[in-house]
Amino acid sequence: MSSDVPVLELRGLEKYFNTSSGLLDTVKNRITRKSPTFVQAVDGVNMQLWENQVQGVIGESGCGKTTLLRTLIGLYKPTNGQLLFHGDPVSEFTKEEWKEFRRHVQIVFQDPFNSLDPKFSVRRTVAEPLEIHGIAYDIGQIKEMLESVGLTPAEKYLGRFPNQLSGGEKQRVAIARGLITKPDVILADEPASMLDVSTQAEILNLLNKLTDEFGVSMVYISHDLSTVSYICDKINVMYLGRVVEEAPTKQLLTEPKHPYTQALIQSIPIPDPHYERERAAVGGEPGDPINMPAGCRFKNRCPERMDVCDQTPMDVALSDDTNRTVACHLYYDHSTEKTEQAQ
Amino acid sequence: MKVRAGMMRWWCKMSDPILEFNNVDIEYQTRGDNAVHAVNDATFTIDEHDYFGLVGESGCGKSTIADAIVGGLDDNGEISSGTIRYKGTEIQNYSESQFNKEIRWKEISVIPQSSMNSLDPVMKLSQQAVEIAKYHTDLSKAEAIDRLRELFDVVGLSESRIHDYPHQFSGGMQQRAIIAFSLFLQPSLIIADEPTTALDVIMQDQILDHINSLKEEWEISMLMITHDISVVFENCDTMAVMHGGQIAEAGNVVDLFDRPRHPYAILLQNAFPDVRYPDRELAVIEGHPPQLREKPDFCTFADRCPWSIAECYEGAPDPQSVEGDEDHQAWCIRANEMDELAADHLTKPAEGRSILEDIQ
Amino acid sequence: MSRLRYFAHRTAITVALIFLVASSLFVFFRLMPGDYSSLLVQQGMNADQIARLEAKWGLNAPLHEQYVRYITNLLTADAGQSFRHNAPVWDLVRPRIINSAILVFPAITATYIIGSLVGTVIGRYRGGLFEKSSIITVSVFHSIPDFFLGILLIAAFSQTINIFPTSGMLSTETAVMIGGEPFWHRFFLKEFWMHYALPFATITLYFMQYPALIMRNSVVEVSNQEFLHYHRLKGLPRPALLRKLMRHASLPVVTLYPISLASSISGLVLIEIVFNWPGIGRLLVDSVLARDFPVIQFVFLVAAVWVILGNFLVDLLYGVIDPRVSVGNDNNE
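Chains as they are written, first to last, in full-length UniProt numbering: chain H, 1 to 343; chain U, 1 to 360; chain A, 1 to 333.
The set of hints was computed from the structure by calculation and includes no laboratory data.
Hints are supplied without guarantee of correctness; some may be wrong.
Taking lysine to aspartate or glutamate and the EDC-like style, the derived pairs with C-alpha atoms no more than 16 Å apart in a straight line are [to be verified]:
id, chain 1, residue 1, chain 2, residue 2
1, H, 77, H, 9
2, H, 234, U, 297
3, H, 250, U, 164
4, U, 124, A, 322
Modelling step: build the complete structure from the supplied sequences, incorporating the hints.
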C-alpha cells in the first residue's frame, strides 16, 4: 500500500436528487419541457483522506454532510465526479471489488439505539461482518476486540442483547463491529451526539485512542465543532452542499477565514461564566438547497458581502499555507484569478 | 452584543423568591405496584428576575421538576411530599382547574422541550394564539391576533406569517413562535425545557440571544432546563446540578464554576468539551445513575464517584454550605474536603492558553 | 400548493381513474374466451337472430369503433340492454344501487361513529378489564364470516325470539300494496325498518373492529404527543383537550372510513343473499348465474366507481382535516 496515494479521495463529487417524485411529475416535466428541479445536496466536493488521518466534516443540518457520507460508502451513486479508493475509481469496481471495498470502509452510525439488531447478541453483532466477508475467526478475536473498545471483561458482554446495554455500551459495540474487519477507513456519523455528556467524552476518547492504535483513517461528521475539534486533525466546513473551508483543526479554530466558519465558531457557547463571548453577526437561516442563489451560497447571510459574490468562488489555497483552502472572494487576488472564475 | 450582559445582576440580588422547592419528592406509579422515585428531596429557590439553570443528564429528574411546577405531571405522577411555593403560595396540591385559573400561562408559561412537535399541526399559529386568549382573557379574536403580531415582531418573525401552519416554518422559526406564545400573557416565570437542543449552533445562539433580552425588557424570571452546562454558564445567574433524582449542587454560576464542591459538578465540567482547549483530555464519568424503585437513602452518585466512602451509602446527603456561603450548597458529605481530593480536577484549563484568543 | 389546487388535482385523478377502469373492463370482456357475441348468445338463437343482434349492438364494427361507442354510451348513462330482463341495464341497476346504498352507508357510518367512541374509551382507560373485553368482543364479531354472523342473528332474533322478519325488504303483501307509489315511499313504513334492522346490525358488528381498534391505537399514540401536553400546559380545560385528542386521533379512522365503505361492497354479496335484500350484490350473483353479461359488466363498473369515489372522499376529507396534506410547505423565501 503506497502512502503517496490517499486512502479515499473525492474529485469534484456532485450528488443531486430529483425533487419531482412521481411518474406524473416526470411526464409533466417532459411535456412542458421544464427541466426537473434538483436538490444539490453535494456540489463539487474535493477531499483527500490520507492514511492515519482523521478528518471532520461539519455543517448545519441540511448542509449535505450525511449525503456526502452515504456517497462515500457507496450507498449513493454520485451524479458527477469520482470517488477513488487507494487511487482506483469505485465506479469501475466489479462485484468482488465492491465487497472488498465494503470490508475496508466501515461505518458507525449516529443512533446506537437503532443501529444494532435487537435480536443479535453482542457476540453475533461483532462477528457478523467477519461472516459476511467469509473471514475465519475465533472467539478470542472477538473478546480481544471488545476489550479494546473498553467492554471489559469481554465475557460479561458476549451474551448480552442491545436492550441490556446502555447507550454508551451500544456505541462501543457498534465501534467494535466497525473495527473487527480491520478496515482502512471508518466513517462516523455523529457517533456521540445522542449520548449524555459523560458518555460522550468516553466515546470521543475511545475513538481518539483507537484510530491511533489500529491505524485507521476516519471521516467524522458532526454539527458540533466543539466535539469535532477533540478528535480531528483536519476539518472541512460544509455549507449548502459545498466545502467552504478546509484547514487543520487548530488553524481553523484560531484563524477561521471564511465568514461562515467564523460565525460557526463564534456561536459555540463557552462553558465559562467569566468568558465574554462576542456573538456572531450572522442572521437568518441557510436557504433550502433547491433554488440556490447563483454564486456564493452564503452571500445572503454574509456580513462581508461584495458584488463579486454573485460569482461562484473557487477553492483557493492561501498563499502562506498550502495545507488549507477557503472558498471565499475575500481571499482572492481577483486580477490573477479572473480566468479561472470565468468557467 | 456581549453574551454576559446580565452577569452583574447577581451582585445586587433582589431577594424575593418567585419559586421555592422545599424537600420535594416526586414519584411515578408504574404497573405492578412499582414506583419510580424521579425526584427526591429537591430544594432550591429561584429569585425574582433571576435566570436559573437546571443541569443534568437525561433521566435525572429535571424535566419532571418542570412539569411539577405547572401541574403537568402525567396521571401516574405525584408530588408525594415537600412543598412548592410560587410567590409564597403553596401550589403542590392544586387541582387541574386551579392550575388553569391561577398559574398556567398568566403566571408561568412554558417553552417546551421539542418545539417541532409542540405546536398543534392542524391549527394555524393565529388560531393557537386566539385559543390562549379565549381561555385566559377577554381579548377579542382581532385583539388576540394583533397581540400575536406584536410578539412576532419581538421574536424576529415576519408579521405576515401569523396565519401560517406550523409545518410551513423551519425549526428555528417554530422555536421563535413558541417563545412568542410563552410571552402572550406576560408571565412572571418562564420554564424553558431544553429550548435550543434541536437547533443548529448559529440558530441556537440567536434564540438564546432572544431569551436573554427578555430579562431586561419583560422583567421575567426563567427556569432553564438543559443538559448543556455551557448554555447555563453563559445565560444564567444561578443554577443547580442534578444527578439521579437528587440535587447535587446549587448556587450562582460563578461560584459553581470557580468552586464546584460536588464530585458530579466537578466531573461534569471536565467532561464538557470546550472549543478553546481541544487538547484537553475529557473527563469520563463511569457507570450510570441507579434505578430508583424506592426513595434513595444514599447518595445516588456514590457508585460513580471516585471519592466515595462507606458513609456515602448511609443516608442521603444533607446540603453543606460552601465556605459559609448560604447561597452555595453542595449535597455531599465530603464537600469541604473536595479542595484536596479533587485537586487534579479543579485546575482550570484556563491556565493553558485559549486558542480562540486570536479571533478578531 | 393551495388547497384549491389540491382538490382540483384529486378530482382530475379520480376522473382519469374511472375512465381507465371503464376502458379496462371493455378490454377484459373482449379478451374472454370466444368472441363477445358468443357470450351474449347462449340461449339457442339461430344464426339470423345472432346476426340481427350483432348488427343492433354494432358488434361487427372494428374494435376501436366499438370502444368509442361504449364510452359515449356510458357518458349518456346508456349501459346497454339486459339480456335476461330485456330492459335497459341502467333501469335495472339503479334501484338496486339505491337499495344497497341505503343499507351500507348508514350501517358503515354508524359503525365508524360508535367504533370511534368505543375506541376512544378503550384508549383512555387502558389496562383494565374493559379494554380486554371490548377488544375480544369486536375481534370475535370480525372473525365470524359476515354471512354466518347474519345467519346467527336471524336464528337469534327471527327464529328464537321472533322480533324481526327473516328476509327481504318488505313483505309480499305490502310490496304489492305500494306497488304504484314511488320507491322512496317504503322508507316511511315501519315494516321496512324492521326488515332493515338485522342486515344493518350484521354490517355494523362485522366492521366494528376496524374503527374501534384503530381509534384505540391512535388515541394512545396521540395522547403521548408533545403538542397535547403543550395544550395542557397552556391551560386548556379537559373537555377541550379531549376534543383535540379525538380530532387528531380520528385521522387514520377517517382514512379507513371510505375504504370500508368501498370494501363493504364485496361483503354485500353474501349479506344480501342471506337476507334476500334486493341490492346490487344479489343482482350480480343472479346475473352471473344467468350469464347476463351487459349487467355483469356494468355492475363491475359500478363497484369500481364505488371504490374510487370512496378513495376520493378520503382525499377530500384529509385535505380538510389535516392542512399538511393540502397546504404544502412554502417557507424559505
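Quiz item: Going straight from one Cα to the other, do residue 250/H and residue 164/U come out at no more than 16 Å?
Solution: At roughly 44 Å apart (the allowed maximum being 16 Å), residue 164/U and residue 250/H break the hint.
Exercise. With a cut-off of 16 Å on the C-alpha distance, tell me whether residue 77/H and residue 9/H pass.
Key: Given pair residue 77/H, residue 9/H holds - Cα atoms ~15 Å apart, limit 16 Å.
Exercise. Starting from residue 124/U, check that the Cα of residue 322/A is at most 16 Å away, please.
Key: holds (11 Å)
Exercise. Compare the distance between the alpha carbons of residue 234/H and residue 297/U with 16 Å, and conclude whether the hinted pair is satisfied.
Key: Status violated; Cα separation ~49 Å.
Violation of the numbered hints given earlier is confined to hints 2, 3; the remaining hints are satisfied by the structure.
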